[in-house]
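Peer 1: Take the given structure of chain L and dock chain R to it, following the hints.
Those sequence lines, one after another, are chains L and R.
Its first residue numbered 158, the first sequence is counted upward by one per residue in this note's numbering.
Its first residue numbered 280, the second sequence is counted upward by one per residue in this note's numbering.
If you're looking for bench data, these hints aren't it; they were derived computationally from the structure.
Just to be clear, a hint being listed does not mean it is correct.
[Claimed, not checked] Under the rule of at most 27 Å between Cα atoms (straight-line distance), these lysine-lysine pairs were calculated in the DSSO-like manner:
hint: 1; chain 1: R; residue 1: LYS282; chain 2: L; residue 2: LYS212
hint: 2; chain 1: R; residue 1: LYS332; chain 2: R; residue 2: LYS349
hint: 3; chain 1: R; residue 1: LYS334; chain 2: R; residue 2: LYS282
hint: 4; chain 1: R; residue 1: LYS332; chain 2: R; residue 2: LYS350
hint: 5; chain 1: R; residue 1: LYS336; chain 2: R; residue 2: LYS292
hint: 6; chain 1: R; residue 1: LYS336; chain 2: L; residue 2: LYS211
[Claimed, not checked] Per the computed footprint, the stretches of chain L lying under chain R, defined by three or more beta-carbons under 8 Å from a beta-carbon of chain R, are:
hint: 7; stretch: 242-253
hint: 8; stretch: 256-264
[Stated by the list, open to error] Facing chain R, according to a computed beta carbon distance under 7 Å, are these residues of chain L, among others:
hint: 9; residue: GLY199
hint: 10; residue: SER202
hint: 11; residue: MET205
hint: 12; residue: LEU206
Glycine included, each C-beta is placed from N, C-alpha and C at the ideal position.
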Amino acid sequence: KNEVEQSPQNLTAQEGEFITINCSYSVGISALHWLQQHPGGGIVSLFMLSSGKKKHGRLIATINIQEKHSSLHITASHPRDSAVYICAVRPYTGNQFYFGTGTSLTVIP
Amino acid sequence: DVKVTQSSRYLVKRTGEKVFLECVQDMDHENMFWYRQDPGLGLRLIYFSYDVKMKEKGDIPEGYSVSREKKERFSLILESASTNQTSMYLCASSLGGPLHFGNGTRLTVT
Chain L
158 KNEVEQSPQN LTAQEGEFIT INCSYSVGIS ALHWLQQHPG GGIVSLFMLS
208 SGKKKHGRLI ATINIQEKHS SLHITASHPR DSAVYICAVR PYTGNQFYFG
258 TGTSLTVIP
Chain R
280 DVKVTQSSRY LVKRTGEKVF LECVQDMDHE NMFWYRQDPG LGLRLIYFSY
330 DVKMKEKGDI PEGYSVSREK KERFSLILES ASTNQTSMYL CASSLGGPLH
380 FGNGTRLTVT
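So here's chain L without its partners, still in its complex pose (with noise of 0.2 Å):
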């Protein structure tokens, strides 16, 4: 049972397109957060989230906490956005966190 499911496993678009990657999740939360991974480096920490939208540069990451789902939107995406994201909950209860699998984003110029 996967407590975070997110959609698409993978993405390519062309530079300048719109994307949209989706988190699904089954617990009640405390939190969530969207993660960026680029290819053999670690993972940086995008935005943390409970309620409503937040917004940094060209990402926006909304959340809906009733329908316990969340969306990450780039606009005017780049080649420098081609990474993987990861979506994470942080449980009401518990120090542990639960992760999506991961959308691999490939932006081509």
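Peer 2: Leaving out everything else, chain R in the frame of chain L:
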């Protein structure tokens, strides 16, 4: 800025060897985690620690142990390495907010 440092980027070990993976964080975080990352399986929790000398098993603790003698250091130990432990190992720390990851150690067991 939080820094999580893993001692080795790449390691090659032989089957049966005892392997130590070290992780140090510099921000006084209470929570530290060891994950392994395999293609198609995502991040899986091996062990975590919420305080010095405290540890809890994650989803896949078999074949691993951990040590946390000081708050900043969390070590992962493979008691007798096996080929199915070939993987990317990631350490992370948190103070209840965002997770901060090290750069990972790619371990190959031959």
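Peer 1: For every hint, state whether the structure bears it out.
Peer 2: Status of the hints after comparison with the structure:
1. In summary, the hint linking LYS282(R) to LYS212(L) is supported, as the alpha carbons are separated by about 24 Å, within the 27 Å threshold.
2. Only pairs whose Cα atoms come within 27 Å are accepted, and LYS332(R) paired with LYS349(R) is accepted, the gap being roughly 8 Å.
3. Restraint check for LYS334(R) and LYS282(R): the C-alpha separation of about 21 Å stays at or below 27 Å, so the hint holds.
4. This hinted pair checks out: LYS332(R) and LYS350(R) have alpha carbons roughly 9 Å apart, not beyond 27 Å.
5. For the proposed pair LYS336(R) and LYS292(R), the alpha carbon gap of about 24 Å is at most 27 Å, so the pair holds.
6. Of the pairs offered as hints, the one joining LYS336(R) and LYS211(L) is violated, with about 33 Å between alpha carbons and a cut-off of 27 Å exceeded.
7. Look at the stretch 242-253 of chain L against chain R: 4 of its residues bring a Cβ nearer than 8 Å to a Cβ of that chain, three or more, so the hint holds.
8. Evaluation of the coverage hint for the stretch 256-264 of chain L: fulfilled, as 4 residues show C-beta separations to chain R shorter than 8 Å, against a requirement of three.
9. Interface restraint check: GLY199(L) against chain R, minimum CB-CB distance 4 Å, threshold 7 Å, status holds.
10. Interface restraint check: SER202(L) against chain R, minimum CB-CB distance 4 Å, threshold 7 Å, status holds.
11. Because the smallest distance between the Cβ of MET205(L) and any Cβ of chain R comes to about 5 Å, under 7 Å, the interface hint for this residue holds.
12. Of the supplied interface hints, the one on LEU206(L) is violated, with its beta-carbon coming no nearer than about 11 Å to a beta-carbon of chain R, more than 7 Å.
When the structure is compared with the earlier hints, violations turn up for hints 6 and 12 and for no others.
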